[in-house]
Amino acid sequence: MKLLRILATLLFAAIAVSPAPTFAGEGGRTAKPVIEIANPGKCVAPVDEMRRNHMEMLKHQRDRTMRQGIRGEPASLNACIECHASKKTGSVLGSNENFCQSCHSYAAVKLDCWDCHQPKAGFKATGVKP
Amino acid sequence: MTAPQEPGSNPRRAFIAAAGAGVAGLGFTAIAPGLHLMAVGQADAAEVRKAGSAASPAVRWGLLIDAGKCAPGCTKCVDACHTENGVSEKLPDPRQNSQWIRKIELVDRRDGRKTELPMMCQHCANPPCVDVCPTGASMKRADGIVLVDRHTCIGCRYCMMACPYKARSLVHVPLTEQNPEVPRGQGCVESCTLCVHRVDRGQTPACVESCPEGAMLFGDLNDPSSAIAKRIASVPTTQVRSDLRLNQGVRYQGL
Chain A
1 MKLLRILATL LFAAIAVSPA PTFAGEGGRT AKPVIEIANP GKCVAPVDEM RRNHMEMLKH
61 QRDRTMRQGI RGEPASLNAC IECHASKKTG SVLGSNENFC QSCHSYAAVK LDCWDCHQPK
121 AGFKATGVKP
Chain B
1 MTAPQEPGSN PRRAFIAAAG AGVAGLGFTA IAPGLHLMAV GQADAAEVRK AGSAASPAVR
61 WGLLIDAGKC APGCTKCVDA CHTENGVSEK LPDPRQNSQW IRKIELVDRR DGRKTELPMM
121 CQHCANPPCV DVCPTGASMK RADGIVLVDR HTCIGCRYCM MACPYKARSL VHVPLTEQNP
181 EVPRGQGCVE SCTLCVHRVD RGQTPACVES CPEGAMLFGD LNDPSSAIAK RIASVPTTQV
241 RSDLRLNQGV RYQGL
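Heads up: the protein sequence lines correspond to chains A and B, in order.
Sequential numbering from 1 applies to the first sequence in our numbering.
Sequential numbering from 1 applies to the second sequence in our numbering.
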């Protein structure tokens with residue numbers, strides 16, 4: 001009986017220290033999305049607040065801009081992508097390393113903004129004058 | 001004491017406040033024959049609205065199009081509009097292409113006289129598209145610009161049916177080449193925005209800027225000192241289908 005208990009303990013310990021499946025991120029036990037940010041560190045609010053509330057900020061801003069015509073607010077989709085678009089592709093979409101797509105595919109939350117909005121930073125539609 | 005700034009504010013209250021002050025040099029805005037809304041500090045047509053301030057109901061943006069000057073066969077305004085707003089998709093069925101502005105030709109059958117003019121959203125004061133919209137997506141901004149809020153548009157196309165000017169289009173395919181300032185996408189109805197993104201930074205609409213004949217004049221209909229208001233006060237102008245009493249912001253001269 002005692003032997004069995006020792007064996008069980010050993011087995012449990014072996015499972016506990018066995019190498020976890022390779023996750024992206026910093027070797028944590030939970031997979032984390034990989035995020036590539038072109039110009040980090042200049043956000044309009046602290047990271048925690050942005051993670052939790054960016055959708056609310058954008059939703060209220062969009063209504064004020066669209067319905068009341070208020071321009072130049074700090075929370076703005078175009079301002080987001082100026083910093084957050086990938087250096088490689090210039091976009092916040094395209095691969096699971098790109099800013100918006102990485103978290104949204106990780107959290108399985110549908111991302112509708114870019115059906116209409118331009119996801120590329122500094123995109124110039126052909127022929128548009130400044 | 002200021003003019004009503006918020007769309008939700010009570011215009012009667014502003015009227016009472018302005019009337020109470022009784023100061024000379026106030027702006028007068030006709031809201032009905034014989035009835036005037038007094039307002040202080042009306043925005044100048046060329047003035048850029050401050051960042052963070054809402055569109056003012058003291059302003060009413062409008063266009064005056066001189067059909068007599070509109071050159072036959074010229075499509076510069078159409079091209080400029082569609083370039084500015086990223087309307088570039090060419091579908092197998094051309095009837096499905098979005099059309100924010102188009103040239104139409106009027107022929108007087110009695111004498112064969114032809115007139116060309118650009119036709120687009122007429123930015124009605126009483127827009128039927130706003131009346132019929134089941135979700136409230138079709139809307140009129142405080143400064144008179146009629147827009148579609150694509151965040152709430154469900155693409156039912158009721159507004160397209162209601163519009164007497166065939167001004168609206170539905171986007172039929174996914175898009176990727178949008179101008180960052182002009183978001184547009186599949187499944188939403190769209191129309192002329194009077195280049196609201198340009199107007200908000202003090203510019204005129206792309207069509208007005210592009211017209212080589214100078215046939216289009218943009219400005220504040222409510223400001224008696226603006227070029228457009230002066231022209232409307234001095235020459236005969238027409239609102240297309242004025243019998244519908246929609247009070248369009250787009251007016252025509254020489255029809």
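It is possible that some hints are incorrect.
[Unchecked claim] Here are the simulated DSS-like pairs of lysine-lysine, each with C-alpha atoms no more than 30 Å apart in a straight line:
1. A:Lys110 x B:Lys90
2. A:Lys42 x B:Lys50
3. A:Lys120 x B:Lys230
4. B:Lys140 x A:Lys124
5. B:Lys76 x A:Lys59
6. A:Lys120 x B:Lys50
Keep in mind that the hints were calculated from the coordinates and are not lab data.
Verification of the supplied hints:
{"no.": "1", "hint": "A:Lys110 x B:Lys90", "verdict": "29 Å, holds"}
{"no.": "2", "hint": "A:Lys42 x B:Lys50", "verdict": "24 Å, holds"}
{"no.": "3", "hint": "A:Lys120 x B:Lys230", "verdict": "44 Å, violated"}
{"no.": "4", "hint": "B:Lys140 x A:Lys124", "verdict": "28 Å, holds"}
{"no.": "5", "hint": "B:Lys76 x A:Lys59", "verdict": "36 Å, violated"}
{"no.": "6", "hint": "A:Lys120 x B:Lys50", "verdict": "27 Å, holds"}
The earlier numbered hints that this structure contradicts are 3, 5.
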